[in-house]
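> For reference, the chains in residue letters:
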Amino acid sequence: MATTLPATDVVLVGVGLVGTMMGRELTRAGLKVVGLERGQPQFTVPDFQGPRMHDELRYSIRKALMQDNTREPITFRNRSSETALPIRRWESFLPGTGLGGAAVHWNGQTYRFQESDFRMRTLTEQRYGKKFMDADLQVQDWGVTAAEMEKHYDRFEYLLGVSGKAGNIGGRKVAGGNPFEDPRAREYPTPPMKEPYGSAMFRKAAASLGYHPFPQPSANLSQNYRNPEGMELRTCMFCGFCERYGCEHYAKASPQTVLLPVLMNDQRFTLRTGAQVLRINLSPDKKHATGVTYVDAAGSEFVQPASLVILGSFALNNVRMLLLSGIGTPYDPQSGKGTVGRNYAYQTTSAVQIFYNEKININPFMRSGASGTVIADFVSDNFDHGPHKFVGGAYVGEVMSHGRPIEFHPTPPGTPAWGAGWKHAVARYYNHAIALNIHGSSMAARQNYLDLDPTYKDAWGQPVLRMTFDFPDNDIRMSKYLTERTMAIARAMGGEQVVPGARQRPYTVTQYQTTHTTGGTVMGSDPSNSVVNPFLQSWNVPNLFVIGASNFPQNASYNPTDTVGALAYRASEAIVERYLKNAGPLVAT
Amino acid sequence: MGSQPGPANGQMRFFNPGEAAFVRAAVARLIPSDELPGAIEAGVDQFIDIQLGGAWGAGERLFRGGPWHPGSPSQGYQLPFTPAELFRNALRAIASDVELKGKGPFEHWHAKDQDAYLTELQKGTRDLGGVPSNVFFESLWGLTVEGFLCDPVYGGNRGMVSWKMIGFPGAYANYYHLIDQHGIAFTRAPMSLADNGRGEVMLHPDIPAQPMAKGQ
Ligand SMILES: Cc1cc2nc3c(=O)[nH]c(=O)nc-3n(C[C@H](O)[C@H](O)[C@H](O)COP(=O)(O)OP(=O)(O)OC[C@H]3O[C@@H](n4cnc5c(N)ncnc54)[C@H](O)[C@@H]3O)c2cc1C
Chain E
1 MATTLPATDV VLVGVGLVGT MMGRELTRAG LKVVGLERGQ PQFTVPDFQG
51 PRMHDELRYS IRKALMQDNT REPITFRNRS SETALPIRRW ESFLPGTGLG
101 GAAVHWNGQT YRFQESDFRM RTLTEQRYGK KFMDADLQVQ DWGVTAAEME
151 KHYDRFEYLL GVSGKAGNIG GRKVAGGNPF EDPRAREYPT PPMKEPYGSA
201 MFRKAAASLG YHPFPQPSAN LSQNYRNPEG MELRTCMFCG FCERYGCEHY
251 AKASPQTVLL PVLMNDQRFT LRTGAQVLRI NLSPDKKHAT GVTYVDAAGS
301 EFVQPASLVI LGSFALNNVR MLLLSGIGTP YDPQSGKGTV GRNYAYQTTS
351 AVQIFYNEKI NINPFMRSGA SGTVIADFVS DNFDHGPHKF VGGAYVGEVM
401 SHGRPIEFHP TPPGTPAWGA GWKHAVARYY NHAIALNIHG SSMAARQNYL
451 DLDPTYKDAW GQPVLRMTFD FPDNDIRMSK YLTERTMAIA RAMGGEQVVP
501 GARQRPYTVT QYQTTHTTGG TVMGSDPSNS VVNPFLQSWN VPNLFVIGAS
551 NFPQNASYNP TDTVGALAYR ASEAIVERYL KNAGPLVAT
Chain B
1 MGSQPGPANG QMRFFNPGEA AFVRAAVARL IPSDELPGAI EAGVDQFIDI
51 QLGGAWGAGE RLFRGGPWHP GSPSQGYQLP FTPAELFRNA LRAIASDVEL
101 KGKGPFEHWH AKDQDAYLTE LQKGTRDLGG VPSNVFFESL WGLTVEGFLC
151 DPVYGGNRGM VSWKMIGFPG AYANYYHLID QHGIAFTRAP MSLADNGRGE
201 VMLHPDIPAQ PMAKGQ
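Note that the protein sequences, when read in sequence, are chains E and B. When you line the first sequence up against this note's numbering, it's residues 1 to 589, in that order. When you line the second sequence up against this note's numbering, it's residues 1 to 216, in that order.
Heads up, a few of these hints could be off.
Example chain E residues on the side facing chain B (calculated, C-beta under 7 angstroms, incomplete) [said to hold, decoys possible]:
1. Asn78
2. Pro191
3. Lys194
4. Cys239
5. Val262
6. Asn363
7. Ala420
8. Arg428
9. Tyr430
10. Trp460
No farther apart than 20 angstroms at their CA atoms in a straight line, the calculated lysine to aspartate or glutamate pairs in the EDC-like style are these [what the hints assert, rightly or not]:
11. B:Lys112 <-> B:Asp97
12. E:Lys359 <-> B:Asp180
13. E:Lys165 <-> B:Asp180
14. B:Lys112 <-> B:Asp127
15. E:Lys63 <-> B:Asp97
16. E:Lys204 <-> B:Glu60
17. E:Lys457 <-> E:Asp68
18. E:Lys389 <-> E:Glu125
19. E:Lys457 <-> B:Glu60
20. B:Lys103 <-> B:Glu120
21. B:Lys164 <-> E:Asp526
22. E:Lys173 <-> E:Glu115
23. E:Lys337 <-> E:Asp526
24. E:Lys389 <-> E:Glu407
25. E:Lys165 <-> E:Asp377
26. E:Lys457 <-> E:Glu72
27. B:Lys164 <-> E:Glu72
28. E:Lys173 <-> E:Glu187
29. E:Lys337 <-> E:Asp68
30. B:Lys103 <-> B:Asp115
If you're looking for bench data, these hints aren't it; they were derived computationally from the structure. Beta carbons are placed, not taken as given, at the ideal position from N, Cα and C, and that holds for glycine.
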């Protein structure tokens, strides 16, 4: 029997990045907030301290900070004619767990999406005609514009202290920044990070070919910084243990370093860790959320009543929580009807390797998670897609984030898979190789979606999430073109050998690509093809807000988190300024 | 750098003597010792033994719920075996296979024959007690690479031989002042998690170690 707890104003499902931000904004507005986080509490001190934290086997290979897949796996198949099977070991993507969520062990690459992303369907049809996109694509507009997003991006970047160089301040182009970005109100909070060797070589080569290199915007900071919440961040030491690790130096922006201590000092906030939310409870007419049911770490079940529910449990978990709670209509790829789980997308990445002679020391271990130099010339609609017959694009750059040797020991083609030849190649090339990264968009397609698995259950006896995904033809063509363009840059970088690696089908869960899983609770202005309105409020249950990369109608070329944070601030503003005064739908249906 | 003397193997926790002998001989071929150190100097066989005898061997972070289907390669590992079970079954099948060949124990074979046998395991899918041979090979190779390149606290990469070989400085890392000295030869000896010579702990004076929620 579940114990019913005293009611609260707001319950947060998940206390990761989104949960922390929303907790802060809503306690600030005077509300009592209960944060439910399934994982452990964890803090910079003592949990992320070196030397313990610098353990590649434990954190990168055994994935110590990730969602416990022995209790909560996800099943996967490439197409709906196959039987989905559990991902028995995480590899392709790594959902986080514990206080702070995946934003503890992210890399900090912090980019804004563009107007041509937010209004992708409209602008693509305007420029290339209605028949340009492949028939299987379900690209749609977001219901927001870059101009509307600007102040929220700005606020989020100042919270994190992002290190970068503006390319367009209020419509005025600024040398050294990204010339393709939409206007921003002001400079980045901190200047760009120092540029590593390989990135400098990339910059020179890209510029010589007429492209526009700029420093990757980084949430690992170039200098000490005090954010508007009064939190002090420190300079990044380029330790090379960033993605998959907590930062020992207070240099990586994470909930712990930018906001959590402030939230936890607020009397109106209550944190419960080890609290696994099973479902959002609804009124009999299913139009109102009454709170949530969760199980604590010792196995006892509780009902937490709340007037407002904020679902910020990471993209994939958000989708599953709606499905488990019976909120909205699950997507059916056959009929095309239903919206929950629709438009699952990912990131279409590929790489080009360059091998150098032994005089060139790359020192790959001297890196930060987000140091490096990139170009946006092939991002989004920054180039003419007419001749290429695909939509979307990629940023390309030298953004290596580490030289940890179990994960990183590049060898050129022709190297034996094992034996003396392998070992000598590893010794020869470890310090003399570069990988260029091609970080491409992922278009939502009719056949790719998320739903509940009919067979496999989690440790609480609930169906697990089922993922059906393969790269659409459009994205394979994009990857091929972008990888060819990157080859040309790589050849201008003075190596001995250049090796391409365009993305191929089938998508496989056995190789890490990114944790940029998107869609499934898509935002938009039309309830027939979206789950939440442009303020991230559920169309079905107005006292529920669903926030995360699950809101993306399709995924853009850039990493998601700047946009997740900006959308969260935008939603919080709508809640505080409008919803709290008049609790009901913020957008009429 | 010359290869270091082979370690006097401690007591194995997981492998029986026959298994230990095979694994030692196999990893000695997977990463042979020559003028550069190999798996034996790095203690890879002992690393694998420790891993299989501990939580990893017992299926740490491996979802083990059924039903089981072979699946497609893009769905990844789908066998019901823990790593410990996988090794045990495969090594038992390999032992009888080796015996049938009548050429004496694997560890006494010529290197060329050992390589040919390992290649057969790698490229084939022959059933080894329920484990396709290529799956066993991949598991063995994965653990071998880990044991060669991991931090020595795990019992592999003894003396940091592989890190010295490739020039990886290890667990202690602060390159703020070096990152813009492009192409410098970095020659500091590597450091392991275990040999904290500097006693450095980054403590932030303004933030309490474990902020406690003030609410209820
Ligand atoms: C290795 C890695 C590298 C990354 N690098 C980058 C990068 O460089 N740039 C970028 O833009 N993005 C990056 N990301 C993505 C980034 O981490 C996420 O976009 C961001 O953390 C999303 O915030 P969120 O609040 O939606 O989810 P999270 O921060 O993951 O928070 C969700 C929280 O909800 C909790 N939760 C889930 N289900 C339940 C439940 N049922 N009950 C209670 N609690 C629950 C989780 O435990 C978690 O703490 C990376 C991610 C990973 C894993």
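> All hints, please: hold or fail.
Hint check:
1. The interface hint given for E:Asn78 is met, as the beta carbon of that residue sits about 6 angstroms from the closest beta carbon of chain B, less than 7 angstroms.
2. The interface hint given for E:Pro191 is violated, since its Cβ lies 13 angstroms from the closest Cβ of chain B, which is over the 7 angstroms cut-off.
3. A hinted interface residue such as E:Lys194 counts as satisfied when its beta carbon comes closer than 7 angstroms to some beta carbon of chain B; here the least separation is about 5 angstroms, so the hint holds.
4. The beta carbon of E:Cys239 is positioned within 7 angstroms of a beta carbon in chain B (closest approach about 4 angstroms), and the interface hint is therefore held.
5. The beta carbon of E:Val262 comes no nearer than 9 angstroms to any beta carbon in chain B, farther than 7 angstroms, and the hint placing it at the interface is violated.
6. The beta carbon of E:Asn363 comes within 6 angstroms of a beta carbon in chain B, closer than 7 angstroms, and the hint placing it at the interface holds.
7. About 5 angstroms separates the beta-carbon of E:Ala420 from the nearest beta-carbon of chain B, less than 7 angstroms, and the hint is met.
8. For E:Arg428, the shortest C-beta to C-beta distance to chain B is roughly 9 angstroms, which exceeds 7 angstroms, and the interface hint is violated.
9. At its closest, the beta carbon of E:Tyr430 sits 4 angstroms from a beta carbon of chain B; the interface hint therefore holds under the 7 angstroms criterion.
10. Given the 7 angstroms rule on beta carbons, the hint for E:Trp460 is violated: about 13 angstroms separates it from the nearest Cβ of chain B.
11. A C-alpha spacing of about 18 angstroms is found between B:Lys112 and B:Asp97, which places the hinted pair at or below 20 angstroms, so the restraint holds.
12. In summary, the hint linking E:Lys359 to B:Asp180 is supported, as the alpha carbons are separated by about 17 angstroms, within the 20 angstroms threshold.
13. The straight-line distance between the Cα atoms of E:Lys165 and B:Asp180 is roughly 18 angstroms, inside the 20 angstroms bound, and the hint therefore holds.
14. A C-alpha spacing of about 23 angstroms is found between B:Lys112 and B:Asp127, which places the hinted pair above 20 angstroms, so the restraint is violated.
15. For the hint linking E:Lys63 to B:Asp97, the alpha-carbon distance of about 36 angstroms lies beyond 20 angstroms, and the restraint is violated.
16. With a C-alpha separation of about 46 angstroms, the suggested pair E:Lys204 and B:Glu60 falls outside the 20 angstroms cut-off, and the hint is violated.
17. Distance check on the hinted pair: E:Lys457 and E:Asp68 sit about 14 angstroms apart at the alpha-carbon level, within 20 angstroms; holds.
18. Note on E:Lys389 and E:Glu125: the hinted pairing holds, with a Cα-Cα distance of about 13 angstroms set against a maximum of 20 angstroms.
19. Using a Cα cut-off of 20 angstroms, the hinted pair E:Lys457 and B:Glu60 holds, with the two alpha carbons roughly 19 angstroms apart.
20. Only pairs whose Cα atoms come within 20 angstroms are accepted, and B:Lys103 paired with B:Glu120 is accepted, the gap being roughly 17 angstroms.
21. Of the supplied pair hints, the one linking B:Lys164 and E:Asp526 is violated, its CA atoms being roughly 60 angstroms apart against a limit of 20 angstroms.
22. The suggested pairing of E:Lys173 with E:Glu115 holds, with an alpha-carbon distance near 17 angstroms, which does not exceed 20 angstroms.
23. Distance check on the hinted pair: E:Lys337 and E:Asp526 sit about 13 angstroms apart at the alpha-carbon level, within 20 angstroms; holds.
24. Among the hinted pairs, E:Lys389 with E:Glu407 is inconsistent with the structure: their alpha-carbon atoms are about 36 angstroms apart, more than 20 angstroms.
25. The straight-line distance between the Cα atoms of E:Lys165 and E:Asp377 is roughly 16 angstroms, inside the 20 angstroms bound, and the hint therefore holds.
26. Distance hint between E:Lys457 and E:Glu72 is fulfilled; the C-alpha atoms sit about 8 angstroms from each other, no more than 20 angstroms.
27. For the hint pairing B:Lys164 with E:Glu72, the CA-to-CA distance comes to about 40 angstroms; that exceeds 20 angstroms, so the pair is violated.
28. For the suggested pair E:Lys173 and E:Glu187, the alpha carbons sit about 12 angstroms apart, so the restraint of at most 20 angstroms is met.
29. For the hint linking E:Lys337 to E:Asp68, the alpha-carbon distance of about 33 angstroms lies beyond 20 angstroms, and the restraint is violated.
30. The suggested pairing of B:Lys103 with B:Asp115 holds, with an alpha-carbon distance near 15 angstroms, which does not exceed 20 angstroms.
Of the hints listed earlier, those the structure fails to meet are numbers 2, 5, 8, 10, 14, 15, 16, 21, 24, 27 and 29, in rising order.
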